[in-house]
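Undergrad: Sequence:
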Amino acid sequence: MDTKALKLAAVAATMLDDFSPTTWTSLPPLDAGVRILISDGETDYVAAAHLRIDRSADAGSTAEAARIYETAYPHADFTWPHLRAITEVEEKVFGTDSPVTVTLSDPLPGAPVGDEPIADVARASSLAQTLATIHSAAPEPISDAGFPVEEPSRFQFQILERLDQAAATGRVPATLLQHWEEEFEKVALWHFLATPIHGALDESNVYTDEERVLALADIGRMRVADPAIDLAAASALIDPAAVPTFFTEYRSSRPRADDHIVTRAELLAEFAVLDWLLEAVESGDDEAIADAADLLTSFDQVLLRPDGSDVPTAPVSSDDVAQGSNVTSATEESADDHGTSDGGVRRSSPSGADRGSAGADRGSAGARVSEHASPGGSGHASPGGGTSGRTSAGDGASGSRSAGAAENGPESSGSPER
1 MDTKALKLAA VAATMLDDFS PTTWTSLPPL DAGVRILISD GETDYVAAAH LRIDRSADAG
61 STAEAARIYE TAYPHADFTW PHLRAITEVE EKVFGTDSPV TVTLSDPLPG APVGDEPIAD
121 VARASSLAQT LATIHSAAPE PISDAGFPVE EPSRFQFQIL ERLDQAAATG RVPATLLQHW
181 EEEFEKVALW HFLATPIHGA LDESNVYTDE ERVLALADIG RMRVADPAID LAAASALIDP
241 AAVPTFFTEY RSSRPRADDH IVTRAELLAE FAVLDWLLEA VESGDDEAIA DAADLLTSFD
301 QVLLRPDGSD VPTAPVSSDD VAQGSNVTSA TEESADDHGT SDGGVRRSSP SGADRGSAGA
361 DRGSAGARVS EHASPGGSGH ASPGGGTSGR TSAGDGASGS RSAGAAENGP ESSGSPER
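Here full-length UniProt numbering is used: position 203 in the sequence shown is 203, and no number is missing along the way.
I should point out that these hints are in silico values taken from the structure, not numbers from a laboratory.
Bear in mind that the values here come from a model prediction, so they are computed numbers and not experimental data.
Do not rely on the hints blindly, as some may be mistaken.
[To be verified] Below are the EDC-like pairs computed for lysine to aspartate or glutamate, each with C-alpha atoms no more than 16 Å apart in a straight line:
1. Lys7 / Glu140
2. Lys7 / Glu90
3. Lys186 / Asp259
4. Lys7 / Glu91
Let's have the full structure, built from the sequences with the hints guiding it.
TA: Written out as structure tokens, the structure reads:
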């Protein structure tokens, strides 16, 4: 029997004075640790015990983020977790090394995207509109609330720093490394204003029905940063054939976005594979290192040599990389919502049929990265930082069953202990 879920039900039963639950049903854990749908027959709530809580996005951050969302997006056609109660229980309750935060929130409509990529135009367009809404809000309430603010120059520096780290592994093809260095060092690429972003998009926290995005979860990692981070993470959830529709709809919904946002999003989507390599190196996972290196080689062949030309692409070490790379600080905030265009150079890319091949390979890479990313890891494996396992069951997907079903095991439900 799932004793953690039963203990969570017992704790949740005491959190609201006017709520006396009678049944509960286990839900997919996502990043929370343990989640259940708990009901008194009239009202349903989602209770979560945050066993593997990320202190950079704890329950308190989620509550504050929800307050900001309420103010910033009063007319949004999507929703987010509305926290109803929060408490902290001693470590002995769940057998952990530290106290556990338990939250009670409203169920989210729809179901997470899960394993199946978004292939239909309607949902791809809806996701673009949702992100355009998030990115169009004023950043001041978020920064004033203490959420991180990531300036373009700092973000560029971090990316180039990771490129140096990747070069030191000796597992990155030389032409691919040079491609990323040249693109990320372009001054025009970094002429944008940081905006509010979700910051942790993945297949477990984008809730949809058959037609549109209904809700976003994990909003506690919101920050002011490059909106291309969200676009890159979202593109990994979309079938390659629908990605052009996604970007077109985003630009239509947010016409004052900077000229290079799609270019940065594409580069960051590619970069997820390199981050996977770095995470594998940090963890000492030889199999993951080999897989990531193979995928980088595949990227090199499809993205940079689509005509099949035999260009040497031997991996390089840090000694082969130009030393002392200049990190250009793009401090001019003259683009984005101020509508300024500097007409910078876009990165070269395959055209025609080769572009489709590159897109398919990028989509395959995203799936492989997601498959190998570890749920409590550092978050390097995706631009948005989300690494949770895939799921397709929504918060209200399973109907509550009576207490008599408790003997059926972890997915059964029962009456909470009072």
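Undergrad: Now tell me, hint by hint, if it's right for this structure.
TA: Each hint tested on the structure:
{"no.": "1", "hint": "Lys7 / Glu140", "result": "violated, 40 Å"}
{"no.": "2", "hint": "Lys7 / Glu90", "result": "holds, 12 Å"}
{"no.": "3", "hint": "Lys186 / Asp259", "result": "holds, 13 Å"}
{"no.": "4", "hint": "Lys7 / Glu91", "result": "holds, 12 Å"}
In this structure, only the earlier hint numbered 1 is contradicted, and the remaining ones agree with it.
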